[in-house]
Structure formats: C-alpha cells, structure tokens
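Chemist: Sequence:
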Amino acid sequence: MVYLSFFFGSKEVLVLRRLLSPHHPWQCHTKALQRDPDEDVLLICIVNARSKFNPPLSPGYYSNAIAYMATMTTVGQLCRGPLEYAIELVKKST
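The opening position of the sequence shown corresponds to residue 672 in the working numbering, with each subsequent residue numbered one higher.
What the hints contain is simulated information worked out from the structure, not anything from laboratory work.
From a predicted model like this one, the values you see are computed outputs, not experimental measurements.
Even for Gly, the Cβ is constructed at its ideal location relative to N, Cα and C.
Heads up, a few of these hints could be off.
[As the list claims (entries may be wrong)] DMTMM-like cross-link-like pairs, simulated, lysine to aspartate or glutamate; straight-line CA separation at most 25 Å:
#	residue 1	residue 2
1	702	683
2	763	709
3	762	710
4	763	711
5	762	711
6	763	710
7	702	759
8	723	759
9	682	755
10	682	759
11	762	683
12	702	755
13	682	709
14	762	709
[What the hints assert, rightly or not] Pairwise CB distance ranges, derived in the manner of DEER restraints:
#	residue 1	residue 2	range
15	686	719	31 to 41 Å
16	709	680	29 to 39 Å
17	726	686	17 to 27 Å
18	734	707	32 to 42 Å
19	708	734	19 to 29 Å
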C-alpha cells in the first residue's frame, strides 16, 4: 500500500470545484485503481481543529492543531455513491 498526501488551499479548492465533474476525487482515484467492488477502503480527511478546542488554544500557540477523520466503505459503494455519500461518512466519523 502506498500513502499519498494532497494539500489544497482555498484558492485551489475553488478552482477544482469549477473544473471537476460531479464525481469527487476519492471516487475518481478509487475507480482508477480498478479494485474489486467488495473491497473495503478507508477514507481519511485531515481537518484543522483549532476552532474546536474548548477552552480555545492560546493566542500564542503556533503548532499544528489537526485531526484525522477516518471512515470505511466499500469500493462499490464509494464509486456508485454521490459526493454527499462520502461527506456523510466522514461527518459520522467525528
């Protein structure tokens, strides 16, 4: 297994939203791998957690504050489902 990371800022995300088909990046990537539809896949999202802390982080805190959100599904479900399917899986993992 090979792990790859992709980092997109807000400008890049806006451009991608305008250019992409209705299929989301996870779906395109999974389809390109041509995996068995019954195979389990792991969706991982890295999110900025700075605004989630209670009490808040101190103003002088300059280190990373991220969380890894992960969820499982099958190749077939991910490839057939709309973007909302993947979003709901990630939301439920919080």
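Chemist: A separate judgement is required for each hint: does it hold in the structure or not?
Modeler: Cross-check of the supplied hints:
1. 702 - 683: The hint holds at about 23 Å.
2. 763 - 709: 21 Å, holds
3. 762 - 710: Within the cut-off at roughly 22 Å; holds.
4. 763 - 711: 17 Å, holds
5. 762 - 711: Since the Cα atoms of residue 762 and residue 711 sit roughly 18 Å apart, the hinted pair holds (cutoff 25 Å).
6. 763 - 710: 21 Å, holds
7. 702 - 759: 20 Å, holds
8. 723 - 759: 19 Å, holds
9. 682 - 755: Since the Cα atoms of residue 682 and residue 755 sit roughly 22 Å apart, the hinted pair holds (cutoff 25 Å).
10. 682 - 759: 24 Å, holds
11. 762 - 683: 22 Å, holds
12. 702 - 755: 17 Å, holds
13. 682 - 709: 36 Å, violated
14. 762 - 709: 23 Å, holds
15. 686 - 719: 31 to 41 Å: Since the Cβ atoms of residue 686 and residue 719 sit about 20 Å apart, the hinted range of 31 to 41 Å is violated.
16. 709 - 680: 29 to 39 Å: Holds: the Cβ-Cβ distance is about 36 Å, inside 29 to 39 Å.
17. 726 - 686: 17 to 27 Å: The hinted range 17 to 27 Å is violated for residue 726 and residue 686, with Cβ atoms some 37 Å apart.
18. 734 - 707: 32 to 42 Å: Holds - the Cβ-Cβ distance for residue 734 and residue 707, about 41 Å, lies within 32 to 42 Å.
19. 708 - 734: 19 to 29 Å: 41 Å, violated
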